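K.L.:
Each chain, letter by letter, is given below.
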Amino acid sequence: MNPDLLFLFTDRIGVFVFAISGGIVAVRKEMDLFGVIVMAFLPAIGGGTLRDLILSQPVFWLEDTQTLGFAIAGGLAAFFFHRWLENFRPLRWADAIGMALFAVTGAAKAAALGHGWPVVLIMGTMTASAGGLLRDVVANEKPLLLLKSEIYATAALLGSLVYFLTSLWLGDEFLAFILGLVSAFVLRALGIIFKLSLPRSPF
Amino acid sequence: MNPDLLFLFTDRIGVFVFAISGGIVAVRKEMDLFGVIVMAFLPAIGGGTLRDLILSQPVFWLEDTQTLGFAIAGGLAAFFFHRWLENFRPLRWADAIGMALFAVTGAAKAAALGHGWPVVLIMGTMTASAGGLLRDVVANEKPLLLLKSEIYATAALLGSLVYFLTSLWLGDEFLAFILGLVSAFVLRALGIIFKLSLPRSPF
Amino acid sequence: MNPDLLFLFTDRIGVFVFAISGGIVAVRKEMDLFGVIVMAFLPAIGGGTLRDLILSQPVFWLEDTQTLGFAIAGGLAAFFFHRWLENFRPLRWADAIGMALFAVTGAAKAAALGHGWPVVLIMGTMTASAGGLLRDVVANEKPLLLLKSEIYATAALLGSLVYFLTSLWLGDEFLAFILGLVSAFVLRALGIIFKLSLPRSPF
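Protein chains in written order, with numbering that gives the first Met the number 0: chain A, 0 to 202; chain B, 0 to 202; chain C, 0 to 202.
Keep in mind the hints are simulated off the structure, nothing from the lab. Hints may contain errors.
Note that identical chains are pooled: a pair holds if it fits in a single copy or bridges any two copies.
[Stated by the list, open to error] Straight-line Cα separation of at most 25 angstroms, SDA-like style, residue types lysine to any residue; simulated pairs:
#1 Lys108 - Asp63
#2 Lys141 - Leu32
#3 Lys28 - Leu197
#4 Lys108 - Gly68
#5 Lys108 - Leu4
Remember, predicted model here, so these are calculated numbers, not experimental data.
With the hints as extra help, turn the sequences into a complete structure.
P.N.:
Written as C-alpha cells, this is what we have:
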C-alpha cells in the first residue's frame, strides 16, 4: 500500500467514524432520518469546512464529493445499528485515528499557505475538533469537547505542534506528518487508557 | 407579469415570511426588539449566506440590500402582530412557496458554478432549510428541522433533484426551475395535508 | 501617544476584556482549561471573523496573530481570577470601550470596501456583538445579547451610524472614527447608569 492510498484509506475511516458519532447523537435525540444525516455531516466535514472558510480556501468537499458519501454512510450506519455501535469499543480507537489524521491534515494545510505556528496549531486543532463541537451545539446539548474530562483537543494540538516543529527543523514533510499523527494518537490513547483529563478552574 | 418580476416578487414573499418565523420565535422567547430583528434575519438570509460562503461566492445580500429591508419588515410584523400571525393559516403556504423557491435558487447557483449533483442537492436543501436551523440553534431551542415529524427539507431536496435532472436532460433552465419549484411545493403541501413524516430510527 | 498606538492599545484592551467574558462563562459551566480558551476566543475574535468571512476579506487574525495571544491571556485571567473578575466593576466599562471600538472598526472596514449604509451598519453591529452571541450559543445558554434588558447592540448600531454619516458629510475619516466611538460608548454608558432597555413586544 503506497502512502497516498494509506492516507486516503485513513481519511475515509475518519470521516465514517466521525459521522457515526453525529448520527448516534441524532438517534438519541429522536431525530428523523434527515436529522440523522445532517447530524452525521457536522462532525464529519464541519471542522474541515470551517478551516477552509477561515483560510479563504475552496471548501474541500466541493471537489472531494466522495467524502460526502462516506459521511452519509456513517449516518445510515448510526440510524440502523446505533444500539450495537454505541457499545462497540473499537469505535473510539477509530475515532482517535481520525482525530489524529484530521489534526495533522489541518496543520499541514495552514503551513502550506505560509502561516506561522499560531495559525497552524489553531487550524490543526480546529479541523480535528470543531465538527464535534458543532454537532453538540446544533443538537442543543452541552458541548462535550469543552466539558468532558478527557484529553481530546489537547491531543490534536500536540499532533499539530509535533508536525510543525518536525517540518521546520528536519524539513521532511512526510516524516513530520507521521510523527504528528503518531503523537496525537498516542496522547489520545494514553488519555483513554489512564483516564487523563485537563484541569478545571480550582478557584 | 414577466418571469423576472414574478421571481423577484416570490423571493420577497419568501424572505418576508421566513423572517416572520424567526421573529415569532424571538417574541415567544421574550427577546427585545433587537433580538427580534436578529432572529428575523437568521431564517430569512442565513441559508443563502451559508451557501454563498461555502461556494466562495460574494454573499448575496451585500449587493441585494433590499432583501434586508424585507427581513426587517418580517421581524417588525412579528413584533407587532405575532398573536394574529401565529394562527394565520395562509402563512405556512407562503412559507412553502419560499422554501421551494430558495431550494431551486440554491441548486441553480451551485449548478451554474459547474458543481455535480451531490453539491447541487446539498446547496438547494441548505439554502431552503439551514436558516431555520440557525434560528433554532441561536434561540437555544430543539432544532425543529431535524426533529419535527414533517416533510420539509425532504421537499427542498426533491425540488433540487428535479431541477438538476430536468436541466441536465432537457437543457431548458426555465422549465427546470419551474418543475423543481412545483415539485418541492407539492411534496411539502402533501406533507402538510396528509401529515406525512420521515421515519425515525426504529431500532 | 499617537493615534495609531492609541488605537492598537484600545483594541488590545477590547480583545482581552471580551475574552475574559467568554472565559467566565466557561468557568461557570465547569469547562476544562481547553474549553475556557475556546470560550475566550469566541467573543474576542468571533465577531470580526464573521465580518471578514461575509465581506470576503482575509480573516484579520491570520495576519494579526498577536490578537490571539491577548485572547488567550483573557481566557487564562478568567481561569485563575474569575471570582475576583466577576465582581470587578471597571470591567464593564472596559467592555464598553471594546464594544465601541469594534463597532466603528467593523463599520469602517465595510465602508472602505464601498458598501452602502445597510451593510455598514450591519457589519459595525456584528463586529461588536456577534462574538458574544456565539459565546452564549456554544455554551448552550440563553443568548444574553438578544434577551437582556440592556442597551448593547443598539449602542454599536448608533456608533456605526454616526461614523457613517460623519464620514459621508464631513469626509474626515479620523473625526468620523472618534465621533462614532464616543457616541457608541456614551449610549452604552447611559444604558448602564440609567438601566435603559429596548422594548419587548407588548402584544
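K.L.:
Does each hint fit the structure? Answer for all of them.
P.N.:
These are the hints, each one checked on the structure:
Proximity of Lys108 to Asp63 under the C-alpha cut-off of 25 angstroms is found in both arrangements, the shortest distances being 15 angstroms within a copy and 19 angstroms between copies. In this homomeric assembly, Lys141 and Leu32 come within 25 angstroms of each other (Cα to Cα) both inside a single copy, at 23 angstroms, and across copies, at 16 angstroms. In this homomeric assembly, Lys28 and Leu197 come within 25 angstroms of each other (Cα to Cα) only across copies, at 15 angstroms, whereas the closest approach inside a single copy is 28 angstroms. For the homomeric pair Lys108 and Gly68, the shortest alpha-carbon distances inside one copy (23 angstroms) and between copies (22 angstroms) are both at most 25 angstroms.
Taking the closest pair of Cα atoms, Lys108 and Leu4 come within 25 angstroms of each other only inside a single copy of the chain (19 angstroms); across copies the shortest separation is 34 angstroms, beyond that limit.
Consistency with the previously given hints is maintained throughout, with no hint failing.
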